[in-house]
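Engineer: These are the residues of each chain, in order.
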Amino acid sequence: MGKVFIIDQARCNGCHGCQIACKDEHVGNEWLPYQLPQPDTGHFWMKVEQTTHGQVPKVNVEYKPIMCQQCDACPLVEAYPEVVAKRDDGLVCIDPVKAKGLKDLVDLCPFGTVYWNAELEVPQKCDGCAHLVDGGEIPHCVDMCVTEALKFGEEEEFTDLIAQATQLDGAAETGARVFYLNAPGLFIGGEIWDEEADEVLEGVKVTLAGDDGKQVETATNDWGDFWFRKLSPGRYTVTIDAPGYAATAPISVELDKSLNLGDFPLRKA
Amino acid sequence: MPKLGFGADKTTYDNIDWDGFGVGSNVATVDVKDGKILRVRRFDYGETYDLEKDLNRYRLEKDGHVFVEPAKSPIPPFSFAYKRHAFSKNRIPYPLIRENFDPKGERHPELRGKDKYRRISWDKAAQIIAEEIHRQFEVYGPGSVLVQQDGHGETKIVHPCHGCMTGLMDELGGLVMQARQPDSWEGWYWGAKHVWGQEPLGQGRTQNLFYDLTMNCKMMLYWGCDNETTTWGWVGQIPSLLSYWFTDIGIESIAIAPDLNYSAAVHADKWIPVFPNTDLALQMAIAYVWITEDLYDKEYVESHVEGFDWLVYEVMGGDDGIPKTPKWAEERCGVPARQIKALARKWAKVPTSTGHCNGGSYIRSAYSHEPGRMEVCLLGMQGLGKPGRNYMKFIEWNIYECPDFNPMPRDKEWISGFAGYNASMLDSQKARFIPKTLIPEGILATVDDPVKWYGHVVCMEPADDQVLPFQFPYPGDPTLHMIWSDTPCWSTCWNCGNEYLKALTSPNLEFVLVQHPWFENDCKFADIVLPVSTRFEVEDIGYDSSSGMWNTMVHAEQCVEPFGESKSDWFCVQEVAKRLEELYGSEERYANIFERYTRGRDVAKSIEITYKGSKAEQFRSWEEFMEKGYISVPHAEDWQEDHAGLYDFYIDPEGHPLETPTGKLEFYSTRLGEHFPDDMERRPYPHYIADTERFHEYRESEKAKEFPFLLVSNHPRFRVHANFDDNDWFREIEPCKVKGPDGYAYETVWVNPKDAERLGLANGDVVRIYNDRGWVLGGVWVTERIMPEVISQDHGARIDTIVPGESDRAGANNLIAPKETTSANCAGEVTSGYLVNIEKVDVFELAKQYPEAFGRTFDPTQGPDITNWIIEE
Numbered sequence: 043m044g045k046v047f048i049i050d051q052a053r054c055n056g057c058h059g060c061q062i063a064c065k066d067e068h069v070g071n072e073w074l075p076y077q078l079p080q081p082d083t084g085h086f087w088m089k090v091e092q093t094t095h096g097q098v099p100k101v102n103v104e105y106k107p108i109m110c111q112q113c114d115a116c117p118l119v120e121a122y123p124e125v126v127a128k129r130d131d132g133l134v135c136i137d138p139v140k141a142k143g144l145k146d147l148v149d150l151c152p153f154g155t156v157y158w159n160a161e162l163e164v165p166q167k168c169d170g171c172a173h174l175v176d177g178g179e180i181p182h183c184v185d186m187c188v189t190e191a192l193k194f195g196e197e198e199e200f201t202d203l204i205a206q207a208t209q210l211d212g213a214a215e216t217g218a219r220v221f222y223l224n225a226p227g228l229f230i231g232g233e234i235w236d237e238e239a240d241e242v243l244e245g246v247k248v249t250l251a252g253d254d255g256k257q258v259e260t261a262t263n264d265w266g267d268f269w270f271r272k273l274s275p276g277r278y279t280v281t282i283d284a285p286g287y288a289a290t291a292p293i294s295v296e297l298d299k300s301l302n303l304g305d306f307p308l309r310k311a
Numbered sequence: 000m001p002k003l004g005f006g007a008d009k010t011t012y013d014n015i016d017w018d019g020f021g022v023g024s025n026v027a028t029v030d031v032k033d034g035k036i037l038r039v040r041r042f043d044y045g046e047t048y049d050l051e052k053d054l055n056r057y058r059l060e061k062d063g064h065v066f067v068e069p070a071k072s073p074i075p076p077f078s079f080a081y082k083r084h085a086f087s088k089n090r091i092p093y094p095l096i097r098e099n100f101d102p103k104g105e106r107h108p109e110l111r112g113k114d115k116y117r118r119i120s121w122d123k124a125a126q127i128i129a130e131e132i133h134r135q136f137e138v139y140g141p142g143s144v145l146v147q148q149d150g151h152g153e154t155k156i157v158h159p160c161h162g163c164m165t166g167l168m169d170e171l172g173g174l175v176m177q178a179r180q181p182d183s184w185e186g187w188y189w190g191a192k193h194v195w196g197q198e199p200l201g202q203g204r205t206q207n208l209f210y211d212l213t214m215n216c217k218m219m220l221y222w223g224c225d226n227e228t229t230t231w232g233w234v235g236q237i238p239s240l241l242s243y244w245f246t247d248i249g250i251e252s253i254a255i256a257p258d259l260n261y262s263a264a265v266h267a268d269k270w271i272p273v274f275p276n277t278d279l280a281l282q283m284a285i286a287y288v289w290i291t292e293d294l295y296d297k298e299y300v301e302s303h304v305e306g307f308d309w310l311v312y313e314v315m316g317g318d319d320g321i322p323k324t325p326k327w328a329e330e331r332c333g334v335p336a337r338q339i340k341a342l343a344r345k346w347a348k349v350p351t352s353t354g355h356c357n358g359g360s361y362i363r364s365a366y367s368h369e370p371g372r373m374e375v376c377l378l379g380m381q382g383l384g385k386p387g388r389n390y391m392k393f394i395e396w397n398i399y400e401c402p403d404f405n406p407m408p409r410d411k412e413w414i415s416g417f418a419g420y421n422a423s424m425l426d427s428q429k430a431r432f433i434p435k436t437l438i439p440e441g442i443l444a445t446v447d448d449p450v451k452w453y454g455h456v457v458c459m460e461p462a463d464d465q466v467l468p469f470q471f472p473y474p475g476d477p478t479l480h481m482i483w484s485d486t487p488c489w490s491t492c493w494n495c496g497n498e499y500l501k502a503l504t505s506p507n508l509e510f511v512l513v514q515h516p517w518f519e520n521d522c523k524f525a526d527i528v529l530p531v532s533t534r535f536e537v538e539d540i541g542y543d544s545s546s547g548m549w550n551t552m553v554h555a556e557q558c559v560e561p562f563g564e565s566k567s568d569w570f571c572v573q574e575v576a577k578r579l580e581e582l583y584g585s586e587e588r589y590a591n592i593f594e595r596y597t598r599g600r601d602v603a604k605s606i607e608i609t610y611k612g613s614k615a616e617q618f619r620s621w622e623e624f625m626e627k628g629y630i631s632v633p634h635a636e637d638w639q640e641d642h643a644g645l646y647d648f649y650i651d652p653e654g655h656p657l658e659t660p661t662g663k664l665e666f667y668s669t670r671l672g673e674h675f676p677d678d679m680e681r682r683p684y685p686h687y688i689a690d691t692e693r694f695h696e697y698r699e700s701e702k703a704k705e706f707p708f709l710l711v712s713n714h715p716r717f718r719v720h721a722n723f724d725d726n727d728w729f730r731e732i733e734p735c736k737v738k739g740p741d742g743y744a745y746e747t748v749w750v751n752p753k754d755a756e757r758l759g760l761a762n763g764d765v766v767r768i769y770n771d772r773g774w775v776l777g778g779v780w781v782t783e784r785i786m787p788e789v790i791s792q793d794h795g796a797r798i799d800t801i802v803p804g805e806s807d808r809a810g811a812n813n814l815i816a817p818k819e820t821t822s823a824n825c826a827g828e829v830t831s832g833y834l835v836n837i838e839k840v841d842v843f844e845l846a847k848q849y850p851e852a853f854g855r856t857f858d859p860t861q862g863p864d865i866t867n868w869i870i871e872e
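Same order as they appear, the protein sequences are chains E and V. Under this note's numbering, the first residue of the first sequence carries the number 43, and numbering increases by one thereafter. Under this note's numbering, the first residue of the second sequence carries the number 0, and numbering increases by one thereafter.
Possibly wrong hints are sitting among the right ones.
Said to hold, decoys possible - Below, a list of computed lysine-lysine pairs in the DSS-like style, where the Cα atoms sit at most 27 Å apart:
1. V:Lys-61 / E:Lys-193
2. V:Lys-451 / E:Lys-310
3. V:Lys-217 / E:Lys-299
4. E:Lys-106 / V:Lys-269
5. V:Lys-411 / V:Lys-429
6. V:Lys-345 / E:Lys-310
7. V:Lys-61 / E:Lys-89
8. V:Lys-71 / E:Lys-106
9. E:Lys-247 / V:Lys-71
10. V:Lys-9 / V:Lys-71
11. V:Lys-35 / E:Lys-89
12. V:Lys-2 / V:Lys-451
13. E:Lys-272 / V:Lys-738
14. E:Lys-89 / V:Lys-88
15. V:Lys-738 / E:Lys-247
16. V:Lys-88 / E:Lys-106
17. V:Lys-71 / E:Lys-193
Said to hold, decoys possible - Rough simulated footprint, nothing fancy, chain E against chain V, three-plus residues with beta-carbon under 8 Å:
18. 39-52
19. 270-283
20. 602-616
21. 731-742
Everything labelled a hint here was simulated from the structure, so no lab data went into it. The beta carbon of each residue, even a glycine, is placed where N, CA and C say it ideally should be.
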């Protein structure tokens with residue numbers, strides 16, 4: 043047991059408030075023995091990554107806050123047990139005095155969340171605002187998250203959420219204590235319409251088949267749109283079944299990013 | 000006293016927002032240590048209250064979902080990043096004088112924008128200013144001094160950042176006021192107001208709409224609306240929570256805009272890209288579908304609408320005989336006809352409201368009154384005011400202290416901060432004024448060639464005011480000879496800043512005085528610049544009545560010492576008043592002027608007057624307020640009973656008439672028909688208009704062959720207008736700025752991949768954005784978030800002129816916005832949705848061509864650098 047972060051991507055509006063809050067708490071502020079000041083710019087102990095999915099007009103943006111994963115099997119701790127501590131509450135802290143000059147700590151993190159402070163010659167990263175936690179507070183980024191996309195607390199408080207969560211690639215192996223909810227994955231979308239009538243077609247059956255043999259079926263909505271969401275990368279075949287209309291050849295795609303297949307003008311058979 | 004924050008040696012409250020006119024929001028808690036701002040936190044309403052028992056915290060339930068009012072203030076990142084801006088490298092440390100400005104000799108107005116600055120003492124600055132004011136009155140009499148006193152600076156009460164000098168100049172006998180038009184909602188003010196009144200804004204009343212929409216709405220049209228951006232300055236992030244909530248309870252979110260803005264990016268179920276300033280065509284086609292398919296509320300139209308036949312006439316053919324069919328619209332607005340029909344039918348079928356957040360090409364482009372009024376006509380055709388069928392606005396929830404524009408649960412009382420407000424609130428009906436859109440013309444106007452317009456233009460005026468004729472100079476008055484500004488951002492915020500910069504070098508202007516915290520924008524054209532303190536450096540009283548949370552008033556203690564020799568705006572003006580009295584106190588105009596100006600108030604007195612005049616004392620005594628540092632007003636017990644939006648008009652149009660001449664929705668405006676019968680641009684009824692003598696800014700214009708892109712210039716995501724452009728914590732967030740090959744951070748321009756491929760553009764390229772009014776640079780960001788043939792670059796970058804009046808490095812695109820106002824008889828601004836072209840440039844070649852401009856040092860993280868402009872001695 044110990045502390046965990048829960049990040050709900052479905053509630054992350056991309057305000058970057060967590061990223062800014064981290065700087066507000068750490069830039070120019072010294073929290074010894076926990077942290078030396080963060081440089082004015084260039085460090086992202088909390089970093090909001092963004093991915094634009096799709097093509098006009100089927101587009102949305104995914105925001106994903108990334109920070110130290112507070113791994114139970116942290117490679118930094120393993121390499122420098124006297125310098126990097128795995129606390130009883132699960133947080134991973136670099137001793138800012140003992141770490142002076144140890145630039146190789148930056149490369150030890152598999153998630154790229156450790157930054158080199160060239161001026162102070164120390165590696166730095168998110169420690170869950172351990173100074174605040176020890177003072178009975180919560181990390182500043184969590185406190186400032188208006189949509190409550192960020193949560194922080196004892197692992198047992200979030201058992202149900204953790205059961206639904208995903209983690210960064212490779213994070214399960216390192217025992218990461220950061221969990222993501224509602225990761226959007228990739229999508230395939232398109233629009234179907236009657237070319238002669240110049241009308242969208244509602245209720246057209248569209249099937250998505252993966253290379254693994256699994257099939258998903260949907261129907262166009264009242265905009266003529268169809269969507270397949272939360273997809274993983276891979277090869278898929280999309281089939282349109284519009285009775286009364288000339289057949290459309292199945293569309294085969296190698297999906298590595300979200301894809302708007304465009305619009306499909308159908309003609310009566 | 001506020002509970003001390005972790006690690007702090009002092010903690011206080013403040014409202015960190017940029018309404019700028021006294022009505023605050025974004026109430027926050029500020030921790031201080033060793034005379035520095037340690038951190039900013041969300042304000043905890045429950046620090047001295049039980050939220051449920053004392054403040055009647057609300058909790059809404061719908062279909063198994065629950066919305067509970069947040070316990071802490073929903074402040075935006077602007078508020079907790081503000082210390083970076085407040086203490087940026089661009090702060091003005093001491094009074095400055097332009098190097099070739101000699102008040103006793105040659106003044107060299109032609110060198111404004113080119114000259115550097117020298118340090119002078121406060122004593123010397125006050126002397127020059129006092130002597131010049133005296134000279135202006137002696138030589139010209141009242142009416143030669145233009146006061147620019149409005150904008151979105153910090154919202155403060157004791158030390159307001161806008162309008163302190165207005166009171167002094169008024170007390171001295173006269174000034175010319177820069178009258179700010181409803182710059183962010185032009186179309187509704189100039190157009191919609193004539194359909195539905197809704198005084199004074201022209202935007203719909205939104206009272207209790209949060210509740211109504213929750214219970215009844217099924218589709219929300221976020222039309223040109225970005226409630227993840229425009230709200231940050233003066234509301235906070237409650238609108239974001241509302242949008243999530245609406246999605247949770249099954250309200251379909253449709254975004255209609257040329258760009259996938261920051262709201263659409265996370266909230267939209269569907270994005271309908273529309274070419275900038277072609278929404279009118281889309282609207283006309285929707286009406287066509289409803290009329291031809293019998294999908295509108297005939298009974299409602301019969302009882303609630305005047306002049307419906309005129310709309311039918313226009314939609315079905317009008318003067319040109321061309322029916323406004325979906326196919327016709329598709330060619331103009333870019334939305335496929337089939338999608339227009341789908342939208343129209345769904346709108347007719349399910350309770351639908353429109354959602355707005357001001358700004359953008361929809362409502363601040365050429366002839367914006369047409370989409371503004373046509374929207375109301377569409378709402379009217381579907382029974383405006385019926386449950387779930389309303390006009391929702393996501394910001395300015397206490398604008399002008401009008402409670403019926405607040406969609407959130409009503410409080411027991413609306414507290415006000417104006418009792419002790421130290422800026423002047425001039426009676427716009429009495430003051431001399433020039434519309435802000437016409438300032439360049441006003442500077443150059445002569446007695447024989449005055450500039451003319453209609454209406455007082457300020458947004459508190461009723462629709463009847465829009466028919467009153469004015470001119471400047473007023474008959475018998477002098478022309479302009481001096482400017483005093485606490486709002487030095489005209490160039491990067493208004494219409495055709497290049498014309499403004501040229502006007503500032505006019506010999507007509509003998510003196511230009513600016514007071515401001517940062518050396519930026521119009522400061523570079525001033526003769527004297529006074530250094531102003533930020534909110535963290537003064538003691539004040541603040542309040543939040545705009546965020547949708549509990550009305551709250553706070554005692555904002557001084558956090559840190561003033562930067563350098565800076566003084567608050569109020570204190571700056573006091574320095575001038577003192578010197579005027581010392582020099583000229585024997586003259587009646589200046590006798591006892593310090594006392595007359597301050598009305599005997601100091602900071603402590605101003606705070607007390609504010610609180611005791613705020614109506615807050617009934618909930619917390621003055622003594623307890625000062626002890627606890629804040630007061631929050633509970634929600635009314637019966638807030639759910641308030642009739643939402645235009646419900647009363649819907650139920651009983653005779654008993655609850657609108658503020659139109661007939662009391663009904665005037666699809667044909669009797670007022671416009673009476674006063675402007677020959678106005679072919681703003682006719683009495685909605686009329687499709689594009690490509691005119693006034694505006695060749697359309698895709699169908701001949702000019703589009705040379706300038707084929709329409710520019711979207713939104714309210715910025717990473718700034719509040721011109722505020723924060725030097726905030727490095729935002730500048731390092733993609734896509735705020737694009738680092739060019741020369742290391743300069745260029746203002747990002749969004750380019751669709753199809754256009755980028757065609758033009759050979761890639762991320763990181765620098766482009767020239769140009770038209771017949773000049774050019775600015777931009778850094779390319781290739782993205783699917785903008786539709787093809789359109790580019791987007793936010794407004795408000797700090798100007799970094801290459802050739803003043805012609806070109807700019809920083810991407811301050813308002814410099815090349817149209818100079819012409821909204822239409823012939825509407826003095827609104829046109830600052831988005833106009834034609835430009837882009838081309839890739841080699842910045843190193845430009846550096847050779849313009850060595851002085853490109854030779855200025857810049858901070859790679861904060862941008863243009865004050866040190867270029869100060870002569871170190």
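Engineer: Going through the earlier hints one by one, which of them does the structure break, listed in rising order?
Structural biologist: Violated hints (numbers, rising): 2, 3, 5, 7, 9, 12, 13, 15, 16 and 20; every other hint is consistent with the structure.
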